[in-house]
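Chains as they are written, first to last, in the working numbering: chain A, 1 to 309; chain B, 1 to 366; chain C, 1 to 366; chain D, 1 to 278; chain E, 1 to 402.
The reader is advised that the hints may include incorrect statements.
[Stated by the list, open to error] Using 30 angstroms as the maximum straight-line C-alpha spacing, the simulated DSS-like pairs for lysine-lysine come out as follows:
no., chain 1, residue 1, chain 2, residue 2
1, C, K184, B, K238
2, B, K184, B, K113
3, A, K200, B, K238
4, C, K113, B, K289
5, B, K289, C, K238
6, B, K115, A, K200
7, E, K299, E, K133
[To be verified] Part of the chain D face toward chain C, derived, beta carbon under 10 angstroms:
no., residue
8, R70
9, A81
10, E169
11, M176
12, G180
13, G183
14, V188
15, V251
16, P255
17, R265
[Claimed, not checked] Pulled from the structure, derived: some chain B residues nowhere near chain C, Cβ distances all over 10 angstroms:
no., residue
18, N12
19, R178
20, K238
21, E286
22, P295
Hints listed in this document are in silico derivations from the structure and should not be mistaken for laboratory results. Computed from a predicted structure; not experimentally measured. For glycine and all other residues, C-beta sits at the position ideal for the given N, C-alpha and C.
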Amino acid sequence: MTDIAVLPGERPKPAARALSSALGPWLLLVPAFVSLASVSFYPILNGLWLSLTNTSLITQESDFVGFRNYAELWADPQFWNAWGHTIWFTFASTALETLIGLAMALILYEGFTGRGFVRAAMLVPWAMPTVVTSKMFGWLFDGQHGIVNWLLLEFGVIDQKVNWYGSPDTALTTIIVADVWKTAPFMALLLLAGLQTVPKSLVEAARMDGAKAWTVFWHIRLPLLMPTLLIAGLFRALDAFRIFDLVYVLTGGGPADSTETLSTLSYKVLFSTLSFGYGSAVSTAMFVTEGLIALVFCLFLVRQIRRAG
Amino acid sequence: MAGLTLRGLRKNYGAVEVIKGIDLDVADRDFVVFVGPSGCGKSTLLRMIAGLEKITAGDLVIDGQRANEVDPSDRGLAMVFQSYALYPHMTVAENMGFALKIGGMAAAERAAKVKAAADVLQLAHLLDRRPKELSGGQRQRVAIGRAIVRNPKVFLFDEPLSNLDAALRVNMRLELMRLHQQLKATMIYVTHDQTEAMTMANKIVVLNGGHIEQVGSPMELYRNPANSFVATFIGSPKMNMLDLPVEAADRQGLRFALGNGRGLTVPVDGSGLRPGETARLGIRPEHLKPAAAGPFTGEAAIIEHLGGLTILHVDLGRAGMLVVQAEGDDRTGLGARLVLDVDPALCHVFDATGRALRRVAVREAA
Amino acid sequence: MAGLTLRGLRKNYGAVEVIKGIDLDVADRDFVVFVGPSGCGKSTLLRMIAGLEKITAGDLVIDGQRANEVDPSDRGLAMVFQSYALYPHMTVAENMGFALKIGGMAAAERAAKVKAAADVLQLAHLLDRRPKELSGGQRQRVAIGRAIVRNPKVFLFDEPLSNLDAALRVNMRLELMRLHQQLKATMIYVTHDQTEAMTMANKIVVLNGGHIEQVGSPMELYRNPANSFVATFIGSPKMNMLDLPVEAADRQGLRFALGNGRGLTVPVDGSGLRPGETARLGIRPEHLKPAAAGPFTGEAAIIEHLGGLTILHVDLGRAGMLVVQAEGDDRTGLGARLVLDVDPALCHVFDATGRALRRVAVREAA
Amino acid sequence: MKSDRPLVQSLALYVGAVLILFWSAAPFLWQFSTSFQLDRELTAATPRLWPDPFTLEHYYNAFVGKQLHRYVWNSLVVSLATTALCLLVGSLAAFSLSRLDIKGRFGILVVILSVSMFPQIAIVGPLYLVASNLGLLDTYTALVITYLALGLPLVTWVLFGYFETLPREIDEAARMDGVGLLGLLFRVILPMSLPSLVTTGLLAFITAWNEFLFALAFTSDINRQTIPVGIANFTNQYYVPWGDIAAASAVVTVPLIILVLFFQRHIIEGLTQGGVKE
Amino acid sequence: RRVRAQERAEISFASAAFFGSETFGDLAKAYNEAQDRVKVTYINLPPPSSSTEVYQGLVQQLARRTGTPDVFSQDVIWIAGFAAAGWALPLDEYFPADKRGDYFPGTIAACTYGGKLTALPWFLDTGMLYYRKDLVDKHGGKAPTTWDELTEMASAAQKAKEVEFGYVWQGKQAEVLICDAVEVIGSNKGAILSPDGKSCTINSPEGVAAIQFLHDTINKTKISPKDVLSWDEEPSRQPFTAGQSMFMRNWSYAYPISQDAKVSQIAGKVGVAPLPAFAGGKSSACLGGYQLGVNANSKKREAAIDFLTWLSSAETQRRIAINFGLGPTRPALYKDQKIASENPFMAGLEPVFSGATPRPVTPDYAKVTLALQSGLSKALLSGEVKKELDAVADRVNTIVGG
Ligand SMILES: Nc1ncnc2c1ncn2[C@@H]1O[C@H](COP(=O)(O)OP(=O)(O)OP(=O)(O)O)[C@@H](O)[C@H]1O
Ligand SMILES: Nc1ncnc2c1ncn2[C@@H]1O[C@H](COP(=O)(O)OP(=O)(O)OP(=O)(O)O)[C@@H](O)[C@H]1O
Ligand SMILES: [Mg+2]
Ligand SMILES: [Mg+2]
């Protein structure tokens with residue numbers, strides 16, 4: 001150790017390194033930005049522009065019309081009908097997914113034999129292609145041959161077959177069930193991860209304080225899980241808001257427009273009627289609504305984080 | 001306030017036995033400290049008492065009643081965790097009042113109790129803060145406050161000071177002792193720091209590998225360790241241990257042969273040993289004194305000046321090293337040759353199994 | 001190996017100045033310890049030397065060359081982190097050899113260097129393990145080994161022992177000191193534990209609020225603290241401080257009025273103070289001795305038996321508390337009335353700004 | 001730990017576990033069973049839970065008739081390439097946001113995330129035009145580029161969260177060891193982040209594996225179409241061969257299930273804590 | 001050879017992907033091999049089940065007016081739109097009136113927009129009535145020709161517990177609902193749009209009565225389950241082939257399936273006939289199938305016409321009929337021996353196809369159909385037929401009138 005050999009410090013490298021250390025971070029962000037810009041920013045801006053024109057492939061028009069599309073949108077009962085469905089769908093499926101996901105997470109958090117297997121099984125719906133899920137749910141809830149009707153009849157829950165997708169009373173609900181089935185596992189996964197960040201000693205402290213399982217959950221775990229819950233809920237809500245495949249495959253928006261959502265509406269306007277101007281206005285309105293939803297979540301989130309830290 | 005009795009307490013994790021039969025009585029108002037090396041089962045034992053770990057075998061008796069199956073919250077105990085385990089989403093007042101709230105106490109009464117406890121701990125001005133807005137020592141006190149408000153029969157502490165820095169640790173130690181006197185409570189305290197054990201306990205339980213090595217008051221353990229484990233574990237700097245050949249041994253004493261042709265006769269019952277066997281001589285660092293003549297000679301290899309004390313590490317050559325605690329600011333230079341003397345009556349002898357040989361003609365040390 | 005010079009070093013985080021102008025010389029083979037309370041800027045200063053924090057103003061000179069802008073890896077320093085910061089995905093050997101690999105050293109040569117360092121640290125049998133398979137002390141040694149293989153000019157340590165338990169901490173402390181002698185290296189060591197500072201350093205730098213309070217050898221600081229901050233920070237148990245009225249003061253001494261009509265004259269240059277003003281009297285706990293007669297009288301409020309030492313907390317009534325370090329196992333009972341004496345030549349006096357008054361007729365303490 | 005629970009609680013736990021199993025697996029098992037039944041049985045008045053007669057015909061149809069293996073291959077190529085790129089680009093971005101002192105990094109994260117909020121329906125059209133202008137229709141490239149952007153926000157977000165939990169001291173140790181910016185990422189940070197890479201990789205893979213809308217728009221050649229499109233193609237003009245679709249679904253879902261089963265522990269780990277436990 | 005390859009005119013052909021024992025790609029290859037003047041590149045679009053994507057893909061290419069694809073296939077409902085946009089080349093000069101006589105008149109009508117032939121019939125499909133021969137024999141002996149007969153026979157069979165449903169059709173809010181509506185309305189002498197395509201006549205008494213009939217099948221005569229409201233083709237086909245229904249309205253694709261014993265419980269007992277009509281009306285079948293068009297911007301017009309002619313020739317149509325099972329648009333082929341032996345069911349379809357009725361012909365069809373789907377679905381569901389049809393007529397009027 002005593003031989004003071006040539007120290008590695010003698011390599012000079014002044015300017016180049018200084019530059020790269022200043023630019024480095026930004027350089028590393030470039031690939032992500034290029035990717036997002038080319039695939040997302042451009043279409044978004046394009047959509048914003050189109051929504052201010054009367055572009056239609058069929059009429060071959062493409063003139064700037066200002067906010068006329070939005071005025072039309074404002075007065076369009078179909079839009080508001082779809083808007084209402086979408087909001088309800090978003091709310092109901094997010095709420096249900098949160099509840100079911102939370103229940104799943106709480107169960108799978110506990111240790112028991114076979115937990116790994118159940119955890120994996122839980123993730124199955126999430127891993128299934130949506131195309132398959134929608135076909136499968138069409139099949140399960142089929143009014144005539146669906147196994148759901150058959151089971152409910154067998155167990156005497158209903159006395160005649162229910163036409164799940166054919167009645168405005170049940171169609172949207174059934175789609176919500178399908179969506180909940182598919183995405184509750186994802187929620188459960190996030191919440192499970194969140195639960196594991198709650199220190200065990202807090203739960204033990206609460207037990208020493210006399211809290212029973214329910215109190216521990218309500219007063220300790222839930223409040224501490226709140227930020228995770230909100231973030232996961234935000235992700236889910238935004239995703240639910242864009243619901244498309246399920247509706248499109250299962251009901252096409254019917255019956256009597258009772259399952260029309262903003263995505264299916266904008267799909268129809270954009271690609272069936274090829275009215276890109278009006279269709280873009282619909283998607284921009286969606287974007288705005290999503291922004292509002294995100295804002296509400298973020299407000300709650302900020303409050304939570306302020307409080308719990 | 002109440003006593004506690006452990007009878008043959010055992011704990012298995014799967015096939016591994018972690019607590020191997022613990023018998024212990026904790027009297028009312030005792031301050032009992034469980035001490036031992038890391039992994040010896042201190043926390044496990046404490047958590048068994050608390051009800052956070054299931055008891056595999058044996059009986060836990062609290063206040064005369066078997067409590068093995070009683071729910072943690074119904075045992076009338078309060079626990080302070082190493083990590084404090086404060087609820088981050090509640091204010092100090094809410095943290096402290098949580099147990100009472102769950103117990104269904106009215107808000108006004110609860111506030112009064114919290115206030116009283118906060119006054120004891122000088123936390124009154126912090127009641128509206130959240131844990132993250134507190135310093136380490138303040139958090140520590142909130143954790144204790146949370147225990148106090150419940151007015152428990154017994155307080156349990158699991159290394160409550162180990163997350164604090166040295167200066168704060170000393171302060172909190174004093175505060176806890178004050179609290180013990182003030183509350184007249186029974187306390188069980190886990191630590192691996194023998195200084196804490198020595199200063200706080202009126203009864204120390206030395207644990208090792210899941211069983212009790214010795215139980216007694218601090219000075220009892222210090223003066224009469226039952227075996228070499230306790231001897232080296234208790235006391236800082238730790239007891240010097242020299243493995244030396246026995247020159248002569250009888251009921252009245254045991255004479256060691258020191259390499260240099262000299263000997264040292266320690267007044268212990270050496271009847272179990274024979275000349276030629278090796279025994280272990282234990283000498284506390286503060287009992288070694290530089291002198292004109294003495295049984296040990298060596299040179300100062302490392303010198304640690306602590307201001308009020310000086311610790312000398314003396315190299316005896318083949319026989320090993322001796323640590324000497326000198327008073328005040330010793331001026332011995334590095335490499336200086338030292339002759340060390342010791343009062344044989346203060347020495348300890350351990351046999352091959354580590355058991356301490358019984359002292360004869362017991363004479364107390366100064 | 002090499003020296004280091006700091007000239008007016010400053011560090012701002014935004015508008016906040018954290019390091020407020022540090023001047024310091026570190027000589028070759030020095031063992032310098034930065035000590036100070038939490039948040040005083042120790043780590044920041046060390047990291048500025050390492051190159052991990054940018055230097056806002058001032059010069060850092062390593063081996064005669066300004067190094068402010070030199071890349072951390074090119075300064076010829078090695079750092080050991082508080083959390084060890086071992087690479088969890090590499091074996092011990094890979095951890096230790098990583099810097100060499102990055103530097104482009106051939107595998108065979110690298111292996112030899114790692115082997116050599118591992119031998120020094122008794123890690124040779126662990127080379128194939130991963131960090132998580134090691135105990136705390138072993139990890140600590142790997143972290144040091146990683147520094148050693150780079151053969152640095154200066155070793156930097158940031159509280160390397162604070163994650164270890166008490167017993168291990170003492171062992172590792174000795175090991176580091178041994179290493180310092182063996183490697184003949186320059187070391188800069190950060191801690192907030194004054195015991196570590198006292199035992200390891202040959203030069204202590206006491207930091208407080210971003211500036212240096214005092215620099216000197218451990219015993220220099222212990223004996224002649226420049227101000228009350230250093231006086232209370234260095235030494236354990238810490239120096240007793242009593243704020244007392246000055247009865248008389250001149251260049252040769254300062255007389256305090258003690259409540260009981262008695263006085264105490266301390267041989268310091270009291271020319272800056274006037275009778276009636278208040279000054280602060282500092283007495284180290286080991287300098288207070290029970291005696292038949294003495295300036296202080298009080299009753300023993302808390303007694304801590306440490307075996308080799310006993311710490312008495314004596315309540316003086318209105319004047320406050322005094323901590324007394326008694327040798328051996330003191331038999332004073334709780335509540336006993338004690339009269340305490342002190343050699344005035346060992347006392348310290350601080351003025352209202354906390355500055356120590358110059359001692360006259362310096363006499364060394366025993 | 002396991003034995004510490006009161007009986008009632010254990011019972012509730014197991015009931016819950018069985019419910020989860022049933023809720024999650026039953027529909028799929030039903031589908032799986034369907035794939036071994038004759039189409040005729042599927043429309044019978046009482047559904048059969050157990051295939052009888054048992055037939056492999058649908059699998060034969062799917063592979064021989066509908067050339068499912070080609071779609072599987074395409075999906076594999078696209079998904080694996082997407083996963084690899086997502087991890088690369090995502091980790092670069094997350095690393096830069098987490099480790100380097102970038103001002104407004106949360107703003108950047110929010111922008112990245114908000115981009116993923118735009119309805120995909122609205123993006124398909126413009127992208128189709130771009131792709132066709134660049135001659136990228138019917139190429140893996142178009143799909144991979146698109147999926148990269150779709151997967152990137154979540155991947156970046158999760159990796160960012162994970163990197164944030166890795167102690168800074170490790171970075172500093174590496175800097176002292178002379179590691180450069182990219183060396184830090186590739187030699188130190190990424191090897192330490194394996195659990196998170198597994199998680200995010202799986203997220204990206206599943207996203208790409210399941211995506212339908214863009215695949216449908218961008219590909220019309222069976223040599224480039226992915227499984228979801230392939231399954232949709234099973235429906236000829238109107239006829240929906242349920243059995244064949246069930247068989248194909250089983251074929252594409254089972255590997256994912258195995259993947260999830262295999263990585264299950266890491267998935268949760270990858271979302272939670274840093275790998276370094278001292 | 002290389003020289004000759006360079007001389008060949010290169011054109012492209014885009015079409016939705018149909019499946020059979022060969023693909024359209026194979027057809028193009030066969031054409032390329034059969035002559036050395038033109039070389040065709042096939043552009044595969046999604047299958048017709050994703051007709052929106054096919055439509056979109058086609059429109060985006062045509063709208064760029066680059067001349068690609070030179071030849072394309074198109075659903076009947078797009079013809080007017082493409083023609084109005086000027087993307088489809090008028091074919092009158094290449095296919096004068098005498099040549100058009102070889103095709104079903106209904107398909108030629110559908111290919112004509114604004115008096116010009118803008119598309120050429122390729123293969124065809126229409127709605128038709130499927131029935132259970134065994135049950136029809138029992139309850140009257142021959143297939144019903146009026147809706148009343150159908151209702152009667154169906155009810156009788158239902159009462160006798162021989163089937164669960166009398167008649168299944170398609171009521172899902174989708175394109176197929178328009179087809180079903182066109183058929184019933186047409187069979188009552190009504191129409192959705194006026195002949196000039198500028199106003200909506202769906203709320204005429206004929207239209208209302210026809211839709212009321214559909215509503216009654218579920219709610220009054222109860223020959224149809226209410227599930228039909230969520231069914232498109234396949235869900236309605238399944239109960240029929242499972243033997244649960246006596247009658248079904250569907251396309252020709254269902255025929256081979258219902259005769260396939262592996263899938264069907266009623267193989268050998270299935271008959272097809274033209275859909276019934278109302279008293280005084282005549283059977284009307286919604287026209288489906290694909291037509292061929294030439295890009296108006298094609299730079300290789302002659303080559304395109306050559307290929308187009310080949311595709312639509314009797315020879316190629318025979319090949320498509322055999323290999324894809326798609327119905328020829330040339331009546332003559334229904335007597336063809338080869339087709340009869342390979343796909344025996346086809347011969348029986350000629351009378352059905354003869355009555356083919358196009359859906360509303362308007363360039364704004366895409367918007368019209370969305371409005372109609374929504375309105376019809378509401379009418380069928382609520383039963384307030386008149387009110388809903390009035391409302392939808394208003395909306396359609398603003399689309400086509402404006
Ligand atoms: N859940 C568990 N499963 C298996 N073994 C365990 C478990 N918990 C603790 N142990 C083992 O039991 C022994 C005692 O652990 P315990 O935590 O009581 O030690 P300790 O004395 O508190 O140590 P420390 O001072 O490090 O806190 C250890 O060897 C530990 O490995
Ligand atoms: N990145 C930063 N931004 C702003 N202030 C900082 C930053 N890092 C440190 N500080 C502040 O600088 C001061 C010195 O911090 P430093 O970490 O050097 O203290 P320390 O002496 O090492 O304390 P400890 O003993 O707790 O490690 C502290 O007040 C701290 O709050
Ligand atoms: Mg412990
Ligand atoms: Mg620090």
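Taking the hints in turn, this is what the structure says about them:
For the suggested pair K184(C) and K238(B), the alpha carbons sit about 29 angstroms apart, so the restraint of at most 30 angstroms is met. Only pairs whose Cα atoms come within 30 angstroms are accepted, and K184(B) paired with K113(B) is accepted, the gap being roughly 17 angstroms. For the proposed pair K200(A) and K238(B), the alpha carbon gap of about 36 angstroms is over 30 angstroms, so the pair is violated. At most 30 angstroms may separate the alpha-carbon atoms for a hinted pair to count; K113(C) and K289(B) exceed this at roughly 44 angstroms.
Restraint check: the Cα-Cα separation between K289(B) and K238(C) comes to about 26 angstroms, which is no more than 30 angstroms; the hinted pair holds. Restraint check for K115(B) and K200(A): the C-alpha separation of about 28 angstroms stays at or below 30 angstroms, so the hint holds. With a C-alpha separation of about 53 angstroms, the suggested pair K299(E) and K133(E) falls outside the 30 angstroms cut-off, and the hint is violated. Given the 10 angstroms rule on beta carbons, the hint for R70(D) is violated: about 39 angstroms separates it from the nearest Cβ of chain C.
Look at A81(D): its Cβ only gets to about 26 angstroms from chain C, farther than 10 angstroms, so that hint breaks. Annotation: interface hint on E169(D) holds; nearest CB of chain C at approximately 4 angstroms, less than 10 angstroms. Against a cut-off of 10 angstroms between C-beta atoms, the interface hint on M176(D) holds, since the closest Cβ of chain C lies about 5 angstroms away. With a cut of 10 angstroms, the hint placing G180(D) at the interface with chain C holds, because the nearest CB-to-CB distance is about 9 angstroms.
A hinted interface residue such as G183(D) counts as satisfied when its beta carbon comes closer than 10 angstroms to some beta carbon of chain C; here the least separation is about 7 angstroms, so the hint holds. Nearest Cβ of chain C to the Cβ of V188(D): about 6 angstroms, under the 10 angstroms cut. The hint holds. Below 10 angstroms, beta-carbon pairs count as interface contacts, and V251(D) has none with chain C, the closest being about 36 angstroms; its hint is therefore violated. This hint is violated: P255(D) has a C-beta 28 angstroms from the nearest C-beta of chain C, more than the 10 angstroms allowed.
The beta carbon of R265(D) is not positioned within 10 angstroms of any beta carbon in chain C (closest approach about 16 angstroms), and the interface hint is therefore violated. With a least beta-carbon separation of about 24 angstroms from chain C, N12(B) lies farther than 10 angstroms from that chain, consistent with its non-interface assignment. Distance check on R178(B): its Cβ comes as close as 8 angstroms (rounded) to a Cβ of chain C, failing to clear the 10 angstroms threshold; non-interface status is violated. The Cβ of K238(B) does not lie farther than 10 angstroms from every Cβ of chain C; its closest approach is about 8 angstroms, which violates its non-interface assignment.
With a cut of 10 angstroms on Cβ distances, E286(B) falls inside the contact zone with chain C, its closest approach being about 4 angstroms. Distance to chain C confirms P295(B) as a non-interface residue, since its nearest Cβ pair spans about 20 angstroms, more than 10 angstroms.
Taken one by one, the earlier hints fail for this structure at numbers 3, 4, 7, 8, 9, 15, 16, 17, 19, 20, 21, listed in ascending order.
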